[in-house]
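A.B. asks: Residue-level listing of the chains:
Protein chains: 2
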Amino acid sequence: MNVLLVYAHPEPKSLNGSLKEFAVKRLEEAGHSVQVSDLYAMHWKAVLDAHDSLDRPAGERFDPSAESRRAFASGQQSSDIVLEQDKLRWADAVILQFPLWWFSLPAILKGWVERVYAYGFAYGVGEHSDAHWGDRYGEGTLAGKRAMLVVTTGGWESHYSLRGINGPMDDVLFPIQHGILYYPGFDVLPPFVIHRTDRVDDARFSTICDAFGQRLDDLWKTPPIPFRPQNAGAYIIPQLTLRPDIAPGQVGFAAHIA
Amino acid sequence: MNVLLVYAHPEPKSLNGSLKEFAVKRLEEAGHSVQVSDLYAMHWKAVLDAHDSLDRPAGERFDPSAESRRAFASGQQSSDIVLEQDKLRWADAVILQFPLWWFSLPAILKGWVERVYAYGFAYGVGEHSDAHWGDRYGEGTLAGKRAMLVVTTGGWESHYSLRGINGPMDDVLFPIQHGILYYPGFDVLPPFVIHRTDRVDDARFSTICDAFGQRLDDLWKTPPIPFRPQNAGAYIIPQLTLRPDIAPGQVGFAAHIA
Chain A
1 MNVLLVYAHP EPKSLNGSLK EFAVKRLEEA GHSVQVSDLY AMHWKAVLDA
51 HDSLDRPAGE RFDPSAESRR AFASGQQSSD IVLEQDKLRW ADAVILQFPL
101 WWFSLPAILK GWVERVYAYG FAYGVGEHSD AHWGDRYGEG TLAGKRAMLV
151 VTTGGWESHY SLRGINGPMD DVLFPIQHGI LYYPGFDVLP PFVIHRTDRV
201 DDARFSTICD AFGQRLDDLW KTPPIPFRPQ NAGAYIIPQL TLRPDIAPGQ
251 VGFAAHIA
Chain B
1 MNVLLVYAHP EPKSLNGSLK EFAVKRLEEA GHSVQVSDLY AMHWKAVLDA
51 HDSLDRPAGE RFDPSAESRR AFASGQQSSD IVLEQDKLRW ADAVILQFPL
101 WWFSLPAILK GWVERVYAYG FAYGVGEHSD AHWGDRYGEG TLAGKRAMLV
151 VTTGGWESHY SLRGINGPMD DVLFPIQHGI LYYPGFDVLP PFVIHRTDRV
201 DDARFSTICD AFGQRLDDLW KTPPIPFRPQ NAGAYIIPQL TLRPDIAPGQ
251 VGFAAHIA
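Going line by line, the protein sequences match chains A and B.
Letter by letter, the first sequence follows residues 1 to 258 of the numbering used here.
Letter by letter, the second sequence follows residues 1 to 258 of the numbering used here.
FYI, nobody ran anything at the bench for these hints, they're computed from the structure.
There is no bait here: all hints are sound.
Note: identical chains are not told apart, hence a pair may lie in one copy or across any two.
With a straight-line Cα cutoff of 25 angstroms, these simulated DMTMM-like cross-link-like pairs (lysine to aspartate or glutamate) come out:
id : residue 1 : residue 2
1  : Lys13     : Asp63
2  : Lys13     : Glu60
3  : Lys221    : Glu29
4  : Lys13     : Asp55
5  : Lys45     : Asp80
6  : Lys45     : Glu60
7  : Lys145    : Asp38
8  : Lys13     : Asp49
9  : Lys87     : Glu29
10 : Lys13     : Asp198
11 : Lys45     : Asp63
12 : Lys145    : Asp170
13 : Lys13     : Glu28
14 : Lys45     : Glu11
Extracted from the complex, chain A is given alone in its bound form (with noise of 0.2 angstroms):
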């Protein structure tokens, strides 16, 4: 199988770095063929921007999501943009791989999603009529292609649960597992995550490499979090509400999990 690492840390010797490299090895010795995005190696420019299509006349206005529209149907995206897509549609499985910095991608990462993501690409992308509303949320361009996020954060998983300060980290993930990786139509496997990263030793890390390296072997036999497809029945169209039977009463991010 393809896999796809789209990897954010700007030190190749950080504990980033090294799991990065533990999962490429781990990976190929298993027959896959894989392909990493180490975006700041890449340079990768960040920012969204007018200079996104090449053959946009100066000085017109610019409308973000027309122009990404345009530039994408009519072969005009520049030709960094084009090399990601074209990695996402080689890919079976996606990895992001990232430090959670103030509670969401690094900015590197956020402006990779934002220029890859291109209308007609990642959004817009399907019928919308009173009966559905885009091919979104279990559909999409990239539906049949599995995600996991690799998150390191330096807090505590105590922080980080139901009843922790920060938010219990499946919500403090929700707009990235739901609303980036599910939304074009990935299948969202649940996230690896490691906590208090400075208190990494040697036999910590092999400790890491031995659960990260069981959930890269099982990348296509763990199961997906299920969330609810868009246009299934379960949402009333096009107010997109759940419909008042499934999860009766219930509000907030895990309604919008089976």
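Given chain A's structure and the hints, the job is docking chain B onto it.
C.D. replies: Chain B only, in chain A's frame:
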């Protein structure tokens, strides 16, 4: 009073651009001093890396938080970072204005947070012991100041309602409002959110400005979101889970609001 508006949209002739102009005028007419950090116009460097301090020896292993701590403490931060920290110290209120891209901050604004929120300034502040877990979540460098999000989105209000498919807007914004604004001490006002931004004609723009103007007039009157302070008794230290008698049985983001 002093107001800092941190603004992240690439096109001045946009709804966001018009609202930014409106806000500056309204606040100045009310007698406030306003500074705008227009991140796109400033060509803000979005990516946190080893070039963010002035005197770092080349080739040394880069630990983002250790290096941030050292550069902040020794006065060796990049000048663009120092300028933004000075604006934050100067401000009595801070407004972050942005389009919601993939359920979070645009990369350029996320990178502003990552680089400006230095160790010793926005985190790693105060005593860490078994009785007090740092000056954060209700205490910190920015305590006594107010903050508010101004957010635009193409999605419908119902899609962000309590049972809407994107998750409730309060939950989508929790990692920003609680994790980025409340964390270093801000009192966080309820956000001003504009939905369906593809459908804003002159009449609707005028209605939006009326409501937005009122929120700006009430900047020092609106009650903040009652997030629970970390070190005032609601949390067990150092686990930082809610005490059993606080919001008993409740889990998730909403449990952290009194």
